[in-house]
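K.L.:
Read off the chains here:
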Amino acid sequence: MSSRWFVQTKRIAPLLLLAAFGPAATRPHYGGTLRVEIRESPPSPEVFGAPKGFVLTTWEAGRRAIFTADENAPGGRPFLDNVDIQLARSLRDQSVDLELGKADVVELGLAELRRQAAGRRAWSSAPVRLMALVFGPRITDARVREALALAVDRSAIHSVLLQKQGEISGALLPQWITGYSFVFSATADVAKAQALVAALGPADRTLSLAVDDPANRSIADRIQLNARDAHLTVSIVPATANADVRLVETRIPSADASHALASIALAFGLNEPAPARNPEEQYLAERALLDGYRVIPLFHLPDVYGAGPRVQGGPVIDQLGEWRFDSLWLEDRP
Amino acid sequence: MMFRTRLLLIFAVALTAAVGIVELIVSSSARRAFESMEARRVNAIVAQFDKEFQRRGEEIVRTVEGIADSAAAREIAITPDPSAYLLEAGTLASTNRLDLLELVAGDGARIVSSAQWQARFGYREDWLASEPDWQSHPAFLKREELPDAVTLALMAVRTVAAGDMKLYVAGGRKLDREFIASLVAPQGMRVLLYRNLAPGFAPSELIDAGGPVASSSLLRPLVEQVETQRREAFGTIGRGASAETFHALPLKGRDNDVLGVLLVGNSLSDLVLLESSMLQTAVIVAVTGILLAIVLSWWATARITRPVQQLAESAGRVAAGNWGATVEVASQDEIGQLAAAFNRMTHELVEQRDRLVQAERVAAWRELARRLAHELKNPLFPLQITVENMQRAREKYPEQFDEVFREGTSTLLAELANLKQIIGRFSDFAKMPAPEMQPVNLNDLVTETMRLFEAQLGKAGISASVQLDPALRPVRVDGEQMTRVLRNLVLNAVDAMPGGGTLSVRTAALGAGVRLEVSDTGQGLTPEECERLFTPYYTTKTHGTGLGLAIVQSVVSDHKGRISVESEKGKGTTFRIDLG
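So the sequence lines, in the order shown, correspond to chains B and D.
Here the first sequence stands for residues 1 to 334, where the numbers follow the working numbering.
Here the second sequence stands for residues 1 to 580, where the numbers follow the working numbering.
Hints in this document: simulated from the structure, not taken from any laboratory.
Check the hints yourself; a few may be wrong.
[As the list claims (entries may be wrong)] Label-pair ranges, simulated between beta-carbon atoms:
hint: 1; chain 1: B; residue 1: 235; chain 2: D; residue 2: 55; range: 35 to 45 angstroms
hint: 2; chain 1: D; residue 1: 127; chain 2: B; residue 2: 191; range: 18 to 28 angstroms
hint: 3; chain 1: B; residue 1: 191; chain 2: D; residue 2: 55; range: 39 to 49 angstroms
[Claimed, not checked] Stretches of chain B that chain D covers, calculated by requiring three or more beta carbons in the stretch to come under 8 angstroms of a beta carbon on chain D:
hint: 4; segment: 157-168
hint: 5; segment: 217-230
[To be verified] Which chain B residues stay away from chain D? Per the calculated CB distances, all over 12 angstroms, these:
hint: 6; residue: 30
hint: 7; residue: 48
hint: 8; residue: 50
hint: 9; residue: 72
hint: 10; residue: 73
hint: 11; residue: 93
hint: 12; residue: 141
hint: 13; residue: 198
hint: 14; residue: 210
hint: 15; residue: 240
hint: 16; residue: 266
hint: 17; residue: 274
Since the structure is predicted, the reported quantities are computational estimates derived from the model, not experimental observations.
Backbone N, C-alpha and C define an ideal beta-carbon position, used for all residues, glycine too.
I would like the entire structure built from these sequences, with the hints used as guidance.
P.N.:
Structure below.
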């Protein structure tokens, strides 16, 4: 499983402020503990790396990690005294905790994006996650895979379910890394999909779809509906099942195209791509991975965090989703 | 069949038929009453269904109107980006307790939010745009597709208009077992709902308040009949106490297509039990009746058939010759009158027999006297003449007296012998002895007898024809008397042919007996003569005593035989004797 925390790498891209709401910034001051909640529960603290200006002082496996301001940090001590990260918190609980003021920074799920309360801020990274359909070995007929690829109406999902977050894509790597992802078609063509399905036998028209992340269940439902329009019967099965196709997300591990492509291929069980020396070779390598429709890229999605009214400064993440707690301070309010 | 048995059968059949008819009438009346009651109960259930259907429809209409009038709906109607309201229908449906709710943008009739199938956002609902005015439209049945199934729902649609923007609010509730459970059916009745959600009969869609019905296949023909004919239908399923009548009513949608079938079932167990009880009662009554019939028939036969039986026995005694038999007159009814009439009849018979016997006796004595006078008169006249000649010769011719005396006494002796013979024949008839039976070959008897008559027949110019059956077996007869019979018949035939002719004697085996026929070719007899031929002292001849054929008949009768005569005037006569 790829981790979102590897990005404690050494290259910090320029911050992109994608959304900034809330009261006008106040004057920074020191002190306070930033309460952060995340869904994941990393097995060891190493995956967090070392957020700039902080050191790990407490680690409760699966529950909690506390970072404390490094008094000797290069560039000066951060404003916050501590960052208290609660692990394994569901998106819904995070949203509730943010509403109740129990958390300062939480992940925002798709449902929460739709109903952001006034005065809240949301920070979004660059599209650093790839959502894709990945076929298992049972589906040997490429026409089935292509039909499903043509059936999915990405634009409706993007507009409504994803609230226009991220990008529609038919490519493995996002546009901001390669610059050519638009070349890969991401347009639905139900008529062509129906034509492909018509040539299939009844048994080949039935697929099982597993969803790794329950938060993506609504997207799976829509894919199921789109597939039905193409006369494919898709049944959604538990994530643990040995499904014909899975709706998965994987993090773009690097801004380096070759590195990212290799990691994605590894994550999806594809052949290792040939090393590319230039964009053309990179494109061909990616094209080769997508031939045969073993993987159907759907969207490139950003990480989105919401911040409570106490949190000032920001943003909390950079382009690749790396936390930037050093630029935050807390404004205590009555 | 005995009268007693017949009477018993008549009693039993009449009683059983009466009980059967009564049972039939009562059963038929009970069935009509039950059917009438069932019709009323079904009508009540259907009315209840209609009322509940209407009530729920109105409730759904009010709820949908409430949603359409809400600020949230107006906000969705005017929003340029409805994607933020994807979950709104689910929230509103939950708040308003609707199973189904869709918010559909008027522009293009695309779904903004669907409570029942969230993923269908953006899909078109063209049927909404087909109705120009939803505001006054009542609730209606609709087949609604869900992610994993299809359901039947009671729906209502209202529109939200905001400027030139429009939003359809289509909401409803499922027509499911909860709806069926709200219908209170009387005991013995049940209400089922078939949801016609897909082509072909789906057993799982036939539900009652508890869920799918177990015996759905039995109702399949009725459901299919309603779907095909699109109108009410009736049917009965099961047998015996588990039989059930069903009234099936079509539930139609906006396009008048049959979306469901309401089935009101009424158990026939009460009727079957009632009919069974009546049948049991009828059987008990019939059996009791038959037993009563037996007793009554015995009693009736004691009253009716016993006198009749006595009458029959008395009639049998009369037939056997006891003409004085009488029966006891025990009552004054028809049987008593019949017995009295019988007694009068036998009394009259006895009196008439006595009178007849007396008359016949007088006639016989007269005939006997006539015959005696006739027979005796002939010899007496020569006797008188001879005596007178002897007297006259003694007075007038004494010299010739001796010669006259000698001749006279000779004549007198001859005539006296003649008188003696006549008297002997009469004596023989009177003294007919009982036959002594022994096996006799009739052919031998005929041969020997005919041999004695050869000379006489030849002298009379009569030819004899004897035809004897060689298969003839010996019969037990009195040979002497049978010889006398044959002799008399032959002599009778000789007398019938004074000018000659042919005498035929034939024997023939006749089953276990024999037949003897004697025929002549004489003048023949008239029918009247044939009838009196065997009467004693009757004769058609100028001589004879008239006892010959009477003796023949007497002998044949003593041998338990039968004698008959056939004759045709001018052609001859045949006497036929059959012996057992």
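K.L.:
Taking the hints in turn, state whether each one holds.
P.N.:
Status of the hints after comparison with the structure:
1. Separation of residue 235 of chain B from residue 55 of chain D is about 39 angstroms and conforms to the stated range, judged on CB atoms against 35 to 45 angstroms.
2. The given range of 18 to 28 angstroms is respected by residue 127 of chain D and residue 191 of chain B, whose C-beta atoms sit roughly 23 angstroms from each other.
3. At roughly 46 angstroms, the beta carbons of residue 191 of chain B and residue 55 of chain D sit within the given window of 39 to 49 angstroms.
4. Closer than 8 angstroms: that is the beta-carbon criterion, and the segment 157-168 of chain B has 5 residues meeting it against chain D, so the requirement of 3 holds.
5. For a cut-off of 8 angstroms, the count of residues in the segment 217-230 of chain B with a CB near a CB of chain D stands at 5, and the three-residue condition holds.
6. Every beta carbon of chain D lies more than 12 angstroms from that of residue 30 of chain B, the smallest distance being close to 39 angstroms; the non-interface claim holds.
7. Residue placement check: residue 48 of chain B keeps its beta carbon more than 12 angstroms from all beta carbons of chain D (closest about 34 angstroms).
8. Distance to chain D confirms residue 50 of chain B as a non-interface residue, since its nearest Cβ pair spans about 39 angstroms, more than 12 angstroms.
9. Here residue 72 of chain B stays apart from chain D, with its beta-carbon at least about 47 angstroms from theirs, past the 12 angstroms limit.
10. The beta carbon of residue 73 of chain B is kept farther than 12 angstroms from every beta carbon of chain D, the shortest such distance being approximately 41 angstroms.
11. With a least CB separation of 18 angstroms from chain D, residue 93 of chain B remains clear of the 12 angstroms interface cut-off, as annotated.
12. For residue 141 of chain B, the non-interface assignment is confirmed: its Cβ lies about 26 angstroms from the closest Cβ of chain D, beyond the 12 angstroms cut-off.
13. Once the 12 angstroms rule is applied to beta carbons, residue 198 of chain B is consistent with being away from chain D; the minimum gap is 21 angstroms.
14. At roughly 17 angstroms from the closest C-beta of chain D, the C-beta of residue 210 of chain B stays outside 12 angstroms, upholding its exclusion from the interface.
15. Remark: the non-interface label on residue 240 of chain B is consistent with the geometry, its nearest Cβ contact in chain D lying 20 angstroms away (cut-off 12 angstroms).
16. Even its closest Cβ contact with chain D, about 32 angstroms, leaves residue 266 of chain B beyond 12 angstroms, as expected for a residue assigned away from the interface.
17. Residue 274 of chain B, annotated as away from the interface, keeps every beta carbon of chain D farther than 12 angstroms; the closest lies near 39 angstroms.
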